[in-house]
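Got chain A; can you put chain B on it based on the hints?
Number of protein chains: 2
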Amino acid sequence: MKSAIEAVYHISCPAEAAEERARAVAVEQSVEMPVAAIEDERVLGEIVGEVRGVRELRPGLHEARIGLNVETTGHDAGQLINMLFGNASLLEDVILADADFPAETLRAFGGPRQGFAELRARGGVQGRALTASALKPQGMPAAKLADLARRFAEGGVDYIKDDHGLADQAYSPFAERVAAVAAAMRQTGGRTRYVPSLTGDLDALKGQIRVARDNGVDTVMLAPMVSGLSNLQALVRQNADMAFLAHPSLGGAARIAPPLLIGKLFRLFGAGAVVFPNYGGRFGYSRDTCRALAHAALDPWGGLAPSVPVPAGGMTLARVPELLDFYGAEVMLLIGGNLLAARERLVEETAAFVASVERYFYG
Amino acid sequence: MKSAIEAVYHISCPAEAAEERARAVAVEQSVEMPVAAIEDERVLGEIVGEVRGVRELRPGLHEARIGLNVETTGHDAGQLINMLFGNASLLEDVILADADFPAETLRAFGGPRQGFAELRARGGVQGRALTASALKPQGMPAAKLADLARRFAEGGVDYIKDDHGLADQAYSPFAERVAAVAAAMRQTGGRTRYVPSLTGDLDALKGQIRVARDNGVDTVMLAPMVSGLSNLQALVRQNADMAFLAHPSLGGAARIAPPLLIGKLFRLFGAGAVVFPNYGGRFGYSRDTCRALAHAALDPWGGLAPSVPVPAGGMTLARVPELLDFYGAEVMLLIGGNLLAARERLVEETAAFVASVERYFYG
Numbered sequence: 001m002k003s004a005i006e007a008v009y010h011i012s013c014p015a016e017a018a019e020e021r022a023r024a025v026a027v028e029q030s031v032e033m034p035v036a037a038i039e040d041e042r043v044l045g046e047i048v049g050e051v052r053g054v055r056e057l058r059p060g061l062h063e064a065r066i067g068l069n070v071e072t073t074g075h076d077a078g079q080l081i082n083m084l085f086g087n088a089s090l091l092e093d094v095i096l097a098d099a100d101f102p103a104e105t106l107r108a109f110g111g112p113r114q115g116f117a118e119l120r121a122r123g124g125v126q127g128r129a130l131t132a133s134a135l136k137p138q139g140m141p142a143a144k145l146a147d148l149a150r151r152f153a154e155g156g157v158d159y160i161k162d163d164h165g166l167a168d169q170a171y172s173p174f175a176e177r178v179a180a181v182a183a184a185m186r187q188t189g190g191r192t193r194y195v196p197s198l199t200g201d202l203d204a205l206k207g208q209i210r211v212a213r214d215n216g217v218d219t220v221m222l223a224p225m226v227s228g229l230s231n232l233q234a235l236v237r238q239n240a241d242m243a244f245l246a247h248p249s250l251g252g253a254a255r256i257a258p259p260l261l262i263g264k265l266f267r268l269f270g271a272g273a274v275v276f277p278n279y280g281g282r283f284g285y286s287r288d289t290c291r292a293l294a295h296a297a298l299d300p301w302g303g304l305a306p307s308v309p310v311p312a313g314g315m316t317l318a319r320v321p322e323l324l325d326f327y328g329a330e331v332m333l334l335i336g337g338n339l340l341a342a343r344e345r346l347v348e349e350t351a352a353f354v355a356s357v358e359r360y361f362y363g
Numbered sequence: 001m002k003s004a005i006e007a008v009y010h011i012s013c014p015a016e017a018a019e020e021r022a023r024a025v026a027v028e029q030s031v032e033m034p035v036a037a038i039e040d041e042r043v044l045g046e047i048v049g050e051v052r053g054v055r056e057l058r059p060g061l062h063e064a065r066i067g068l069n070v071e072t073t074g075h076d077a078g079q080l081i082n083m084l085f086g087n088a089s090l091l092e093d094v095i096l097a098d099a100d101f102p103a104e105t106l107r108a109f110g111g112p113r114q115g116f117a118e119l120r121a122r123g124g125v126q127g128r129a130l131t132a133s134a135l136k137p138q139g140m141p142a143a144k145l146a147d148l149a150r151r152f153a154e155g156g157v158d159y160i161k162d163d164h165g166l167a168d169q170a171y172s173p174f175a176e177r178v179a180a181v182a183a184a185m186r187q188t189g190g191r192t193r194y195v196p197s198l199t200g201d202l203d204a205l206k207g208q209i210r211v212a213r214d215n216g217v218d219t220v221m222l223a224p225m226v227s228g229l230s231n232l233q234a235l236v237r238q239n240a241d242m243a244f245l246a247h248p249s250l251g252g253a254a255r256i257a258p259p260l261l262i263g264k265l266f267r268l269f270g271a272g273a274v275v276f277p278n279y280g281g282r283f284g285y286s287r288d289t290c291r292a293l294a295h296a297a298l299d300p301w302g303g304l305a306p307s308v309p310v311p312a313g314g315m316t317l318a319r320v321p322e323l324l325d326f327y328g329a330e331v332m333l334l335i336g337g338n339l340l341a342a343r344e345r346l347v348e349e350t351a352a353f354v355a356s357v358e359r360y361f362y363g
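Each protein sequence line maps, in turn, to chains A and B.
If you count by this note's numbering, then the first sequence holds residues 1 to 363, one letter each, in order.
If you count by this note's numbering, then the second sequence holds residues 1 to 363, one letter each, in order.
Just chain A, with the same shape it has in the complex (with noise of 0.2 Å):
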């Protein structure tokens, strides 16, 4: 195989039966049919997944490495996802770990066009994490979400966005939010930067892109597991001068492990930041899948640019300082519910977040 993605599976299969089930992982995830069958000799030395190493990671736990073909995934997202776990994903013993990919995989999809440098450079930030809130809940009026938008950028918070269930609802429309929120962001006349969320097919997200550009919006976010990687991707290659949140939505808990899912391949597809469920709050990611996350976000790979990590889902005002001994300043701190909860004191308690921020020695 001259160019290969190398992926990285774990088999649940007691240890007689790893090779075997590591070739029928190999043979599912390219040709999908009886080796025994092909006759087509490129097809055999050049298409047909290769094992290239099978070890025990605890008895009943088998890593596999397995070489596939580069070509297969002509360079698309959702081809590339389909390639690495798409029959595999309906397997109930096999987990997608991990995958390297060859410098043409990286040049095709380029990553963030802007990344965490670009990120920090809108908010005017150096040296810092960036700090950001969340417009909830859903079913508020346009109007009203404007109004809290704007107490969360009287606060200094540097990026806003809209809960992942706000779209193009019929009571908060998609063009009447953002306008609104855009203007109450223009009135408060900080660096506040407003992030809508995109729902829909590709055209309803190119749409909304327009609307938010045309208010000066220059982030939006959307869940590329629910709209799609390869929308992801024409998105990003369209749209140069925007930054893109990706919201970990339909991620799932664990089939795809969260580092490479979210950290390495919403990266590679070109967002810029990337929300997950941070250690310690509603949900069950653990430290180490926290750190892995933020790594595989940051560390320098191939020449792509950084997207910065945002852990999300219950953080609070009082873990600021423990969060911030965790991931240092390479971080945007995103905390939502806890500071709506403040109700009539939310500027305050804003303010208090960004405060704590920045006053935090990054040594």
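For the record, the hints were derived by calculation from the structure and aren't laboratory data.
A couple of the hints might just be wrong.
As the list claims (entries may be wrong) - Where chain A lies over chain B, by a calculated footprint (3+ residues, C-beta under 8 Å):
#1 37 to 45
#2 193 to 205
#3 229 to 243
Where a beta carbon is used, it is the ideal one built from N, C-alpha and C, also for glycine.
Below, chain B alone, put in the same frame as chain A:
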């Protein structure tokens, strides 16, 4: 809540925690913030998810029925799955087991425009199961795939689908493949339908449908969980003459119950045929799961056309009578690798498959 989707979750937790976990899921899938911090009366009364019942299924596993306001979906397929399972997919202890939809949801999405009846009519088939095979392996040039299709057609199979690994790759560009295979179909002169696999973003998908239609193709396949559910919805709406097969790639093993995802939701969004991994093949779906999935695809449902269930994944000629005993005439049997394994006897084996389906006594 005036008009609600009722979502059914299975939650793994101790009995004493079940009510609280159910409320947490109801909040997660609606307002995603502390309910105590919500001031808006309409949001509290109409938008916050409503726990309608919790019962123990077995020790440690509980069913929670939760009402979700249908307005939150904006009648977009992606937003619908986002509201049903977006964040909950990140919770390891929660499975989306089922959902009931109000009439307005069924009307808004509309189901298959070309369903089981139309797929039968295309093949001139009455009163028997449909037959199908698959073009594999990927990596072969278009001319070889076309030759393979010609031989399947000579064997008399009703439908020939692309392997879902076939995309728009350098070694087999979509347009070249479709032209070659469609020409082979015309030469054989039978009623066999070629079903190319669509991949990429919505613009790519639309372009591929144009190519397909220009070549006389009236049935296409895509993997909705890869392509994005909203893209499927758009394509179905814009191509009412085209039949859509849904492939389960990236569908996951069981975090969303397959009868709901593949049987109900893919049908709701317009797939006229739904491919799924059959029991007793390479995948782990049980007989009960397959039976429930087939019922979900076929049963009367608020005026939506039925989708034909397409059990697949390692089926063999020898199993045809057993599969027809199980599914009856309301099925499309898909045998791929087992026919390909016949190599030079592929036409004869295909003819034997077709004869076995035609001669079966459907009672």
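Evaluation of the provided hints:
Interface restraint, the segment 37 to 45 of chain B with chain A: holds (6 residues with C-beta to C-beta distance below 8 Å; minimum three). For the segment 193 to 205 of chain B, the stated coverage by chain A is satisfied: 6 residues place a CB nearer than 8 Å to a CB of that chain, which reaches the threshold of 3. Only when three residues or more bring their CB closer than 8 Å to a CB of chain A does the claim for the segment 229 to 243 of chain B stand; here the count is 5, and the claim holds.
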